[in-house]
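Engineer: Generate coordinates for the entire structure from the input sequences, incorporating the hints supplied.
There are 2 protein chains.
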Amino acid sequence: MPASSATQIDADRLWYRLSELAEIGKSEGGGVTRLSFTKEERAAKELVASYMREAGLRVREDAAGNLIGRREARVEEAPAVLAGSHVDSVRNGGDFDGPLGVLGAVEALQTMDERGVQTQRPVEVVAFTDEEGARFSFGMIGSRATAGALTPEHLANEDENGVSVAEAMRASGLDPEHIGEATRVRGSVYAYVELHIEQGRILESRDLPVGVVTGIAGPAWLKFTLTGEAAHAGTTPMNLRRDALAAAAAVMGRIEREAARTGTSVGTAGQLDLSPGGINIIPGHVSFSLDLRDIDEDVRNDVEARIMHEAALLCEKRGVELGTKTLQRLPPAPCSSLVRNAAREACEASGLVPFELASGAGHDGMHLTELCPIGMIFVRSKDGLSHNPAEYSSKEDCAAGTEVLYRTLLELADGD
Amino acid sequence: MPASSATQIDADRLWYRLSELAEIGKSEGGGVTRLSFTKEERAAKELVASYMREAGLRVREDAAGNLIGRREARVEEAPAVLAGSHVDSVRNGGDFDGPLGVLGAVEALQTMDERGVQTQRPVEVVAFTDEEGARFSFGMIGSRATAGALTPEHLANEDENGVSVAEAMRASGLDPEHIGEATRVRGSVYAYVELHIEQGRILESRDLPVGVVTGIAGPAWLKFTLTGEAAHAGTTPMNLRRDALAAAAAVMGRIEREAARTGTSVGTAGQLDLSPGGINIIPGHVSFSLDLRDIDEDVRNDVEARIMHEAALLCEKRGVELGTKTLQRLPPAPCSSLVRNAAREACEASGLVPFELASGAGHDGMHLTELCPIGMIFVRSKDGLSHNPAEYSSKEDCAAGTEVLYRTLLELADGD
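Heads up: the protein sequence lines correspond to chains G and Y, in order.
The numbering used here numbers the first residue of the first sequence as 1 and each following residue consecutively.
The numbering used here numbers the first residue of the second sequence as 1 and each following residue consecutively.
Possibly wrong hints are sitting among the right ones.
Derived lysine-lysine pairs resembling DSS-like cross-links, with alpha carbons at most 30 angstroms apart [unchecked claim]:
#, chain 1, residue 1, chain 2, residue 2
1, Y, Lys395, Y, Lys382
2, G, Lys26, G, Lys382
3, Y, Lys39, Y, Lys26
4, Y, Lys395, G, Lys317
5, Y, Lys395, Y, Lys26
6, Y, Lys317, G, Lys223
7, G, Lys382, G, Lys395
8, G, Lys39, G, Lys26
9, Y, Lys382, Y, Lys26
10, G, Lys317, Y, Lys382
11, G, Lys382, Y, Lys317
12, Y, Lys223, Y, Lys317
13, Y, Lys26, G, Lys223
14, Y, Lys325, Y, Lys223
15, G, Lys325, G, Lys223
Source of the hints: derived by calculation from the structure; they are not laboratory data.
Structural biologist: See below:
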């Protein structure tokens with residue numbers, strides 16, 4: 001499906017800016033490293049600020065270091081529409097994860113400016129501070145601050161050199177004592193919309209450049225511990241075994257089945273340890289991890305309950321003791337119908353299929369759901385890769401996504 | 001079922017000798033360590049030799065260090081019946097694995113002597129050198145030598161201090177150049193029978209003190225390697241995954257099912273490694289081991305073929321590449337009907353159920369199948385434990401097994 005037919009944004013300018021920003025923090029191997037509060041992140045923000053000014057935006061940085069470019073509206077006091085993403089990266093990351101959403105939003109607002117569009121509501125581009133969490137082992141610092149959810153404990157987190165978030169902020173010219181000034185009050189924000197690469201293969205598998213996100217899945221991380229009995233692999237008949245690995249294999253089969261049957265959930269055993277670990281010894285002990293996600297918390301909880309129920313039955317039948325422990329449990333963030341509807345209509349107006357999909361990865365919007373309606377637009381990722389120098393979305397796909405963002409913002413900024 | 005009613009052997013003497021032998025190489029924690037060609041093994045052989053002399057046997061040690069006590073017969077040139085086991089142990093092993101078969105055979109022959117029994121064929125007790133393989137990482141040295149299957153490569157194997165089998169033999173007063181003198185010619189041995197603890201739970205689960213062994217299972221050891229694709233656990237839908245661990249779990253399920261359906265085979269995945277090993281990363285690579293055994297090589301091969309077939313289908317369906325490698329493949333050793341029949345009749349004559357079961361663990365008899373008909377008698381193991389200080393068989397069960405051995409030897413030594 002050609003995305004160029006009705007394109008109003010400037011695809012060449014967008015692509016040039018993506019390329020220029022990608023040079024900041026780039027290694028010889030092609031990977032990008034821009035950790036928060038470093039000179040690379042600072043340089044990236046300064047470059048983006050220059051683009052913002054080219055787009056006619058009023059530029060400021062808030063108390064959390066979020067870079068904000070504002071386009072005024074017919075009604076100055078009206079709640080603002082926010083569009084953004086981040087410019088920090090993981091270590092040795094790619095060119096698109098974050099920058100596409102920031103530069104796409106700048107491009108959309110510059111297009112409005114060039115076309116003389118006036119909107120009811122102001123629109124702001126936000127480059128959130130430290131979405132990735134690559135420096136301090138927890139991320140989404142800027143969006144947490146915007147939502148008033150950044151705690152003193154968060155600010156005490158340290159990087160691998162023992163530098164805390166607060167110290168890094170101070171070194172960067174920010175005052176952590178004033179972090180509360182970054183918080184926006186409810187009612188001051190009309191909606192938040194983010195353009196981002198998919199980081200998965202759903203769009204690629206359907207041959208679609210763009211998708212509308214239904215929600216951001218919340219991960220529940222669990223640890224399963226199975227205790228059977230180590231015994232001689234030769235002398236213990238199959239029916240007299242308490243094989244912890246065979247039990248774990250059966251449980252993993254149920255995890256896969258229960259996640260798959262929903263059509264939306266994903267369940268993954270990514271880590272597994274066993275003992276004793278002899279080739280001729282039945283494993284007496286196995287532990288493995290489960291990462292379970294869905295954009296609907298009820299669905300996720302239902303899948304989790306089914307897995308727990310089946311695991312308990314399987315283990316009981318096998319005489320294997322089952323223990324489970326929750327390591328992390330984040331609620332999913334559903335995307336609002338306000339933004340989803342606007343984005344679907346924007347797809348159709350751009351000549352694109354208004355295909356909807358969930359986000360399996362976390363994004364800044366997760367922290368903004370209490371503040372305002374949120375939504376996201378995804379752009380096809382080559383081979384589903386991200387957090388990797390090989391991360392890639394084509395110029396055409398980036399332009400198509402930005403066109404959808406532009407039209408979505410028009411609707412959100414000027415709709416009833 | 002009372003085993004004592006018709007007992008002719010001396011249960012107290014047997015138990016005393018088991019206890020006395022168990023003191024050699026015993027640690028404070030109760031574990032027994034008697035590695036081959038050490039002073040502990042030497043002391044054990046000397047003690048057993050003294051028991052042999054008490055039993056009226058003619059004692060010698062062959063070129064492989066096998067300790068042999070011979071009871072002459074009416075027909076001196078007749079092929080001999082052999083009964084034996086070993087007195088070496090694993091590190092920190094138990095009191096019964098090996099000694100029961102040696103001391104049970106001594107007891108049986110001493111009983112014949114005391115009862116003035118004369119037999120057609122001579123009977124010899126053999127304490128084979130190094131059955132366990134705990135010192136040189138390969139075992140059954142004495143029985144291999146007896147069968148003419150001990151090679152120069154075997155003699156070059158080294159222990160953890162770099163001492164070879166040949167050097168250890170020399171230090172022990174044996175000449176490895178003359179190892180061939182330990183080999184017996186076909187026709188010179190009428191049968192071999194070994195009394196041993198079960199090392200499993202089958203007899204215990206059936207509340208039986210003694211069982212007749214149908215054969216010694218041969219292990220096939222394989223390594224399975226599954227290569228899928230590592231991907232983001234959040235952004236990759238269940239139907240777009242190539243999860244190597246989920247595939248491995250499915251294959252392990254089939255291994256269990258295919259082994260169990262035979263009723264005789266055992267299949268065990270004892271080792272498993274995966275990568276990358278992140279809690280939120282789909283495993284791209286998994287390798288695991290399979291220990292597959294049966295006493296019938298055709299059955300084992302059939303189970304293996306079914307597992308391979310199903311594994312290939314499962315992996316193909318999942319887009320996971322499957323590799324398999326054979327690490328070891330030993331043929332099973334069926335027990336001869338000659339010995340099995342004699343042992344079953346001996347059970348009945350002793351007032352015991354002539355229950356038959358397979359040996360999942362390896363024993364010296366495996367190497368003697370080319371030389372003569374073989375057979376084994378098992379005694380119930382508490383909790384199936386062996387290679388462990390907690391290894392235990394009761395005095396009554398040891399006596400019952402020895403009584404069966406005594407009657408079996410009478411039949412083999414004097415039957416037609």
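Engineer: Enumerate the violated hints, using their earlier numbering and listing them in ascending order.
Structural biologist: 4, 13
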